[in-house]
Amino acid sequence: MTFVVVVGRLVFVVAVAVVVAAATMVGPRRLAETRRSFRARFAAIRPYVGLLAVVLVANKIARDVGPEISELFGIRITGWLRRTDGRLLWPLYPENTPQVVAWVQSMATPELTAYFSLVYVYGYVFLLVFPLVAYVSLPRPEPIRRTLIAYGANYLIGVLCYVVFVAYGPRNVIAEQVQGLLFTEYTHYQFVTAAVNDETNVFPSLHTSMAVTAALLAWSTREEYPAWVPIAAALAVSVAVSTVYLGIHWATDVLFGVVLGWVSVAIGRRFEGAPPTLEGFRDRLGAAGNLIPGRLR
Amino acid sequence: MAPDGGGRRAFLTATAGAVATASGCLGEARNLAGRAGTDQLSLRISTLPASHDPYAVRIANRLASNLERAGIAATVDPMGPDVLLRETLFNHDFDVYVARYPSRGAPDELRSMLYSAYGEEAGWQNPFGFSDLDADGLLDEQRAVPDADRPGVVGELQRRIVGQQPFTVVGFPDRIGAFRDGRFEQWPDGGLADPTAYLRLDREEGSTLRLSLRNGRITRNRNPIAAEHRDRGTITGLLYEPLALVDGGADAPIPWLARRIEWDSEGAATVRLRGTPWHDGEALTPRDVAFTYRFLGDTSLGGFDTPVSTPWRRGRVSLVESVEVRSADEVRIEFATENRTIASRALSVPILPAHVWRDRAGSADIAGIDLVRGTTEALVTPNEAAVGSGPFRFEAATANASLSLVEFPEHFLRTGDTDGIPEPLSDPPRFDRIEFDVVPSHDAAVQLLVAGETDATADGLGASVVPRIVRSDALSLTIDRSENFYHVGYNCRRSPLADPRFRRTVARHIDRTAIAEAVFGGYATPAEVPLEDRWVPPELEWDGTASLPFLGTDGELDVDSACEAFREVGYRYEDGLLVRRGST
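Protein sequence lines, in the order shown, are assigned to chains S and A.
All letters in the first sequence, in the order written, are residues 74 to 370 by our numbering.
All letters in the second sequence, in the order written, are residues 131 to 714 by our numbering.
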């Protein structure tokens with residue numbers, strides 16, 4: 074029950090937000106145009122949608138069997154993440170460097186907890202869904218193609234990392250310094266997060282990488298949607314901070330999440346003209362092989 | 131210990147060799163290579179993440195930070211419950227671990243925990259690789275002596291344990307449970323810790339008992355002897371039953387699958403069975419009983435060079451010398467001890483259906499468990515369909531989400547064949563279904579209770595949710611002392627943990643009083659011995675200070691005394707770091 078109610082509310086709130094945002098930022102003219110030329114536009118992105126679907130199915134499978142595989146063969150890096158995080162604030166506090174998460178949580182207030190919990194759940198989903206609506210409503214297909222590829226790359230690389238690296242987040246490790254604020258204060262969200270994610274899927278922060286991706290994409294479409302840039306940027310920063318504030322991710326996960334988000338957009342840009350193909354991949358492998366001097370081969 | 135130590139040293143030696151050949155300054159190169167030989171000692175502390183065990187990781191963190199201050203590189207390495215148990219109990223791949231021992235409070239449990247001969251076996255039997263002739267002698271002796279002399283022997287044994295520190299007891303946590311008022315009554319103190327607690331429940335309304343479960347292992351694995359998936363085996367205890375119940379505070383064994391138990395002058399027991407079917411309709415016969423004891427003693431049934439014993443309840447099985455089928459409903463069991471109290475423990479292992487398990491005696495080569503020693507199918511099968519004889523039978527499960535058990539109408543509690551079973555256990559269960567829902571945290575468990583979606587929590591809760599329970603009018607809190615204890619286990623196979631003086635010094639980095647307050651929020655009793663009450667010798671009763679006292683005050687380590695303590699037992703420091711010569 075709880076699960077259904079929470080998901081229902083999430084879908085409703087995000088749907089309302091997307092409709093409002095579409096009405097104001099995309100505008101009725103573009104939306105009407107999109108409705109008229111929907112077939113043509115869909116044809117232009119069909120292979121990309123197919124790719125994304127494949128990635129999502131693969132992702133689902135990987136998330137089902139991934140934890141079992143990584144349990145057996147994964148590299149346990151919790152200790153490393155904890156040590157790295159403990160050194161990040163060294164420039165500010167050369168003596169007794171605090172853990173980033175504990176330092177962030179030392180500024181916690183009930184209002185901030187409410188804000189970051191809402192951002193982590195609702196803000197994040199809105200930040201990812203709205204660009205799909207906004208970019209489908211553009212006459213040129215590149216932004217939506219770029220978005221689909223970038224989202225897919227995020228998931229693919231992220232899930233691969235989750236299989237290879239086993240780690241627990243700060244709330245599970247430095248439990249005496251850090252509270253799992255989302256789960257102690259807004260427990261009902263946990264039924265959703267637990268359903269879509271395993272608690273060892275920590276490195277890197279997929280929340281951060283997807284949010285950064287959305288923000289970078291917003292910058293790439295600043296001429297069409299100038300108002301979206303500051304909103305996406307603010308949301309992306311809030312999402313990244315929220316993962317740390319709520320004790321879910323290490324700051325190191327967030328830093329690698331930023332890198333992953335950036336890489337994913339680069340991949341999206343690379344393939345926005347033509348979708349990636351197996352042949353292209355093979356050619357590139359071959360080209361890379363040619364770079365190796367002949368006598369080494 | 132330091133996994134990179136050997137490699138680095140080899141590399142430096144090789145480099146040094148190259149430099150020496152090139153420049154000829156052999157002395158300098160030798161110095162360089164020699165210096166690389168001392169590395170800071172590093173220890174990995176395996177434990178559970180806070181979402182699974184809110185206490186263990188905090189104890190581990192405190193220990194790690196104290197060891198760190200004493201110059202040892204200690205890393206806390208959290209892992210899921212089944213991973214932790216597999217790594218420690220089966221693969222013996224750990225330095226130090228912090229976890230809860232699923233105790234039933236019987237002194238004979240210490241025999242499986244510490245008996246030297248079990249050091250090479252997999253399971254809860256001697257995971258530490260501890261070997262001590264004196265302790266072995268006492269472990270055998272406490273089985274041999276009459277009841278009146280046992281406390282003395284068991285007390286001596288615990289003195290030996292405290293002295294040698296194969297593991298360090300931290301304390302006994304309270305069992306914290308919560309239930310919703312109105313639908314069921316007769317909730318036992320501390321929640322549903324035993325299969326019998328389920329049978330004692332009384333119903334007010336509704337016929338389905340809905341419980342939340344934090345540890346979802348039972349939704350994936352229902353193998354009653356898979357040690358990495360079982361703690362006390364409470365839920366599998368609803369599916370599989372023993373000949374007699376000895377746990378759960380009963381003074382004398384309650385005949386269960388046995389209708390009658392008669393002891394003869396030689397100390398053997400003649401057990402007559404009730405005649406109850408398995409969940410698949412086959413009859414439960416004396417052959418199943420004989421098979422079970424033979425099978426748990428060697429799950430390869432003689433097929434392997436070395437017997438592969440059950441990793442769970444090994445100690446109890448070891449009490450049985452032989453089982454003989456006497457007639458269509460009778461077996462005669464001979465025991466390895468003349469003490470009837472101890473022998474009765476052997477009657478409490480789950481009886482398995484021979485027609486299902488006989489085929490699982492073959493070799494299993496599935497990844498995950500160290501295969502060097504050979505593993506039988508029986509130990510790794512998830513046993514999803516779980517054919518038992520219990521009052522409830524398995525109906526359905528979704529991995530990591532839910533489990534449904536339904537009443538088994540042919541069970542002897544239903545048919546009224548309940549001679550020898552006291553009230554209210556002899557009454558049929560008051561509900562016909564149990565639905566378990568796996569929850570992601572203790573907070574979530576309380577949330578479901580408040581929302582009225584569950585009736586109680588099936589496994590224990592952490593102290594941090596107590597205020598939430600108390601705040602809600604519809605919920606009741608129930609607390610009881612538990613027999614389980616938190617402990618720090620050492621891998622005595624590895625240097626320097628093989629050194630009892632080193633372990634004793636590590637033990638002195640644990641402040642039990644501070645931990646009981648800060649980690650358990652007061653919901654724990656500090657202790658330095660693994661048994662309670664009458665088994666504890668007077669000088670080892672907890673009086674605020676351990677016999678290996680904490681090296682500091684009020685939870686704060688005195689770094690100088692800590693380093694001095696390690697120095698005294700022969701360890702060396704360089705620049706404040708405890709270093710070891712070479713890697714061992």
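Hints may contain errors.
[Said to hold, decoys possible] Cβ-Cβ distance ranges computed for the label pairs, FRET-style: (1) A/Glu198 / S/Ala187: 32 to 40 Å; (2) S/Lys133 / A/Ser493: 50 to 58 Å; (3) S/Thr170 / A/Glu647: 25 to 33 Å; (4) S/Leu129 / A/Ser246: 52 to 60 Å; (5) S/Ile148 / A/Asp690: 35 to 43 Å; (6) A/Asp311 / S/Val89: 53 to 61 Å; (7) A/Gly293 / S/Leu145: 35 to 43 Å; (8) A/Gly550 / S/Ala131: 53 to 61 Å; (9) S/Pro171 / A/Arg333: 46 to 54 Å.
Source of the hints: derived by calculation from the structure; they are not laboratory data.
For every residue, glycine included, the Cβ atom is placed at its ideal position computed from N, Cα and C.
Each hint tested on the structure:
{"no.": "1", "hint": "A/Glu198 / S/Ala187: 32 to 40 Å", "result": "holds (36 Å)"}
{"no.": "2", "hint": "S/Lys133 / A/Ser493: 50 to 58 Å", "result": "violated (34 Å)"}
{"no.": "3", "hint": "S/Thr170 / A/Glu647: 25 to 33 Å", "result": "holds (27 Å)"}
{"no.": "4", "hint": "S/Leu129 / A/Ser246: 52 to 60 Å", "result": "holds (55 Å)"}
{"no.": "5", "hint": "S/Ile148 / A/Asp690: 35 to 43 Å", "result": "holds (37 Å)"}
{"no.": "6", "hint": "A/Asp311 / S/Val89: 53 to 61 Å", "result": "violated (39 Å)"}
{"no.": "7", "hint": "A/Gly293 / S/Leu145: 35 to 43 Å", "result": "holds (38 Å)"}
{"no.": "8", "hint": "A/Gly550 / S/Ala131: 53 to 61 Å", "result": "holds (59 Å)"}
{"no.": "9", "hint": "S/Pro171 / A/Arg333: 46 to 54 Å", "result": "holds (52 Å)"}
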